[in-house]
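Please take these sequences and the hints and turn them into a complete structure.
Here the protein sequences line up with chains D, B and R, keeping their order.
So the mapping is simple: our numbering equals the position in the first sequence, first residue as 1, plus 17.
So the mapping is simple: our numbering equals the position in the second sequence, first residue as 1, plus 349.
So the mapping is simple: our numbering equals the position in the third sequence, first residue as 1, plus 2.
Hint data in this document are derived by calculation from the structure and do not stem from the laboratory.
All C-beta atoms, glycine included, are put in the ideal place defined by N, C-alpha and C.
DEER-style ranges, computed between Cβ atoms:
hint	chain 1	residue 1	chain 2	residue 2	range
1	B	Asp991	D	Gly144	57 to 67 Å
2	R	Asp44	B	Ser1329	34 to 44 Å
3	R	Arg49	D	Ser28	47 to 57 Å
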Amino acid sequence: MTYEKHQFHASPILIEEIAPGLRLSLRVKPAHRATLARAMGLDLPSRVGARAAAHGAEALCLGPDEWLITAPEGAGLPKAARAVYSDAPHSLVDISDREITLRLSGPAAVDALTTCCPRDVAAMAVGTAARTVFDSATVIVWRDGPAEFRMDVWRSFAPHVRALLAQVETEFHAGL
Amino acid sequence: MSRYRIPGKGRVDHGAPVSFTFDAKIYAGLRGDTVASALLANGVHLMGRSFKYHRPRGAVTAGSEEPNALIGTSRGKGRFEPNTRATVQELRAGLVAESQNKWPSLSFDLGAINDRAYMLFSAGFYYKTFMWPKSFWDKVYEPVIRGAAGLGKSPTEPDPDHYASRYLHTDVLIVGAGPAGIAAAMAAAQSGADVTLVDENPEMGGSLLSDPAVQIDGKSAWDWIDAQLGRLRAAGVRLMTRTTAIGYYHQNMVGLCQRLTDHLDSPPKGAPRERLWRVRARQVVLAQGALEKPLVFDGNDRPGVMLAGAAQTYLHKYGVRVGDTPAVVTSHDSAYHAAFDLADNGARVAAIIDTRDEVRPDLLDGARSRGIEVLAGHTVTTTTGRLRVKSVRAAAVRGGTVGGGRTVPCDCLLMCGGWTPSLHLFSHTRGSLVWDGGGQTFLPDRKTEEVEIAGAGRGLWGYDPVLADGAAAGLRALEGLGRVGHPAGFHVTNDRPGTGTSHAELPTDGNPGKARAFVDFQNDVTAKDIRLAVREGMRSIEHVKRYTTNGMATDQGKMSNINGLMIAADALGKAPPQVGLTTFRPPYTPTSFGAFCGYLRGETFQPTRKTPIDPWAEANGAVFEPVAQWLRAWYFPKPGEDMHEAVLRECKATRASLGIFDASTLGKIEVAGPDAVEFMNRLYTNPWTKLQPGRCRYGLLLGEDGFIRDDGVIGRLSPDLFHVTTTTGGAARVLTMMEDYLQTEWPDLDVWLTSTTEQWATVALNGPNALRMLQPLVQGVDWNDFPHMSCADCTVAGLPARLFRLSFTGEIGFEVNVPARHGLTLWTALMEAGRPYDICPYGTETMHVLRAEKGYIIVGQDTDGTVTPADAGLDWAIGKAKADFVGKRSLSRPDIVAKGRKQLVGLLTEDGSLLQEGAQIVLDPDQQTPMKMVGHVTSSYHSTMGHPIAMAVIEGGFDRMGETVFVPMPDGVRKAKITSTVFYDPDNTRLKA
Amino acid sequence: MLLIHCPYCDDTLPELEFTYAGEAHIARPADPSALSDAEWRDFLFIRTNARGPHYERWRHVGCGRFFNALRDTVSDRFLMTYKAGEARPDLNNPTLTREAAE
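This is the structure in structure tokens:
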């Protein structure tokens, strides 16, 4: 389990890598969305960016036929989905190791994201998420609170994203 | 106290002296000064030399439009910056500044010989003078021109500073925090909209800072500014100073450059020097004011000649009297106020020379009461003074005739040729301009963006109309957001309204051919040059600009464009709007490269992708090479080994026993769903229906044009699930192509695609001992049914794994995929288990050599987007029975089936030497140049067989087996024999072992 | 940098989230083998290269979808965007012209 923490005294921003859990990419046609949601016991919202949670699992709608599901390790969702495959054909791929997740929190969290995200991060509603870009890396930004975000970054791009964020942290500590 | 500083006056801190050096001499200034204001306080007007004639020059402005006073500033190693405007650079403790374009010194400069020879250096002199003799170009002209060219000294060291950037989304962006901008911000902020107000100066207030006697709503100008800024701050308006709007782009995106540390004595550690803001505003208000125009007359460039408004700014903002006995020459009312304010602060104004016959009575009264002589209906014909203006010659103009003149002694000359609305940013949007005949200037016309222009930018003059216009613009911006606000009114007393007229050159009784009447100060363009350009046939203002270089200086024509236009129009006998303006382009003022780069320099210049196994490679001395965005382990040299020796050792160890290779960068795509096999059949050239689960197959992907796009081994894990691999560089491209077909051509198919490139870490094992070594570590595989080209989900070294049996080396081979977090664990476990077999880690170079020995192609190296499967000898990978697949129709196109296409073959040199990749191939080395080239070398390596091998594409290559071709290389022509591409184990006996 | 409306996300977002994907409404022939060499050449290579309104495809990184757009290549403005598979909008449609004028 990797768990890394950069902590500074009275930090305007805290950037942590959070421990990996189960992460699944679900693809299914809209007509079979409800069947699958019922089988997994997890709502699959239809609006891009919307999230739904149940029993420690969470589904994020990334596209009209695409959901990202996070769940504790060992959750029974894949088995439940497989059981309805013939009625609701779909693809459910384990991508737990594809991305690493950073948590950004603190009063400067929004500003930190605006250094490299062209999207209006401040306008994101709490409880939504979006696949977007951070510099040239594709990321998923989750807004969990007014000053609390998660960012999923493809593993091989993580050194680049972290190096950028390190510069941004220095900037905030310099106060300019 | 400096000689020209007025005690207690201005916005500078008289209790905070700051010392700095200029050309190695120490000067005292005050906190709040610019370099220019501090030098002027010390009586120094001479601040630089011009570019072409090396004429002595002083500051002509007090702002960012300054063309003359360019200095080099430095702050220790790597922090030298040329061409900084002394009028903008704020004083900081220990600032080191130097003048430019001079040698040996600013007051005695040998380059000024150019000034004596000015008749030689007229417009277009480059094109005329350096024509002949031809041989002089390389040896004489170019070196001399290069030596003389360039403005300032280029820094030679890397910039050690940090630069930052941000995106900002705001409802209303207001550019310029003068009276119009502040009024607009007040109006826009009243309904809770998100408002951003930016100004390039250290303080907000704009022209009001130079007009403290004006009263607004019963407050003095400065008190009013403080009160309004306080209210804006309280309303949550974002106020940004030292922030220049440098460019205005599509859909209200405005670039801002914010200068954060150049004014600080010692910047905080780690602070960025500048920050580039990319602002997306729903509404923009441009309140950038107007720029004062110089007048064009002989000797208008001597140090001490400056704009009247600049003198007023030095007086009120910095408490500096620019001279004791100023003279004034003007065609606009505004210069009277500069004269009056200077007179009221201890200067003896020598005269006000007004080009107009009629002067407003209250201005005449103001002059009379101060004892200032007004010479109405007069012109200026020349000035005197070498390093500082000493006198000005004024002459009456009666009915177009210049009468006898008189000399007016002075120590500075304040000029005003009227005001030009600052519409540069508006022009960036391709907004059109319209000529205002009354004001003799261009005004904004048709808009292309959600933008309002307010105040002096619309040609308005006087604080009362400007404030009202700013408030109205702010209100309109608010309405554009769908919000409502209330109109605001302002009560202005002591206002300073004004009007003026415009001129080309001022009339003179001197010889116009000898007049040194400057239009573009920095580039030394005179009125005579512009008229010459027109005489020599330039008709378009764009041609005049390029022929004379007028407007091409670092101020981008802020000082010179309108004067240049008036003169060109006069010479062409056209009205100014018929001649038009040159195009304004970003940036508005010179901007550092650092600001544009932001974070994208050094290690974060671009992403460097790393695999989970790279830490091991780094710790074990690997040399890395860039492959797409990855840095991959290239080879693992042992102490004393060069690359060639290391690669040969790695190759031999793998062929002899066992090699291990990090293949994690391979693209991986999961193709899943009931229609997966149908999708694969349509996309790849190969047939997939009969591929059994647990088996894999080489897949070839074409574009619709029939050319090879990508390849890779594809495993079928279950009837509905394929594990596709792609080339490292092609991963994203192939997935996009697949998604494109799926979404837009075949949306009916029940199949989905997921990138798993980074889900898996992939370790390749190759060599005759690969199977023996791996077998004990694997659980869940039936080895009796796991031949070459098999795949299975299983465990390896106790880790969940997806195992492929395949070979890219010609030896027995495996690729072990495990979840990325376990990649390093797997690698170390395999290294440990491989020890009895002398397992050898190898890098991409050995991978390349081993595959080339077997004739396996690399897409993108042996193919270049014009190679078909047949050209590459890959016909066997085509499902001939399939009715269709992507690219199939193109394989029967006439040019694809024509004879003489370049085909992939092997090459062996006769003398056993190594060919260069990319070298061209000819059939006859003795033919005349340019030779007929029939192909090129695509791959070339030293091999394990004791001689180098190469692959090449050659016209009709398959029919030339055994023939000799010639490869011209820098050190001589090589003879090479055409062979098969398979150099090693052509019968694949080693794979079956 | 342009702003682009994604018809799947129903949101107007910065261009950096999008990639251009060529001219729109060029469907792959159902049976390419039935096409003459000249017809196949036209499908592969011949494009309108419009000066003015241009039907084109973009892809949004956010939702991963390809969609169609009508963009004026002179003003660089998007007149509208619409989902893949929807009919090509009529250029003479007055609503469109009005949007174009704005």
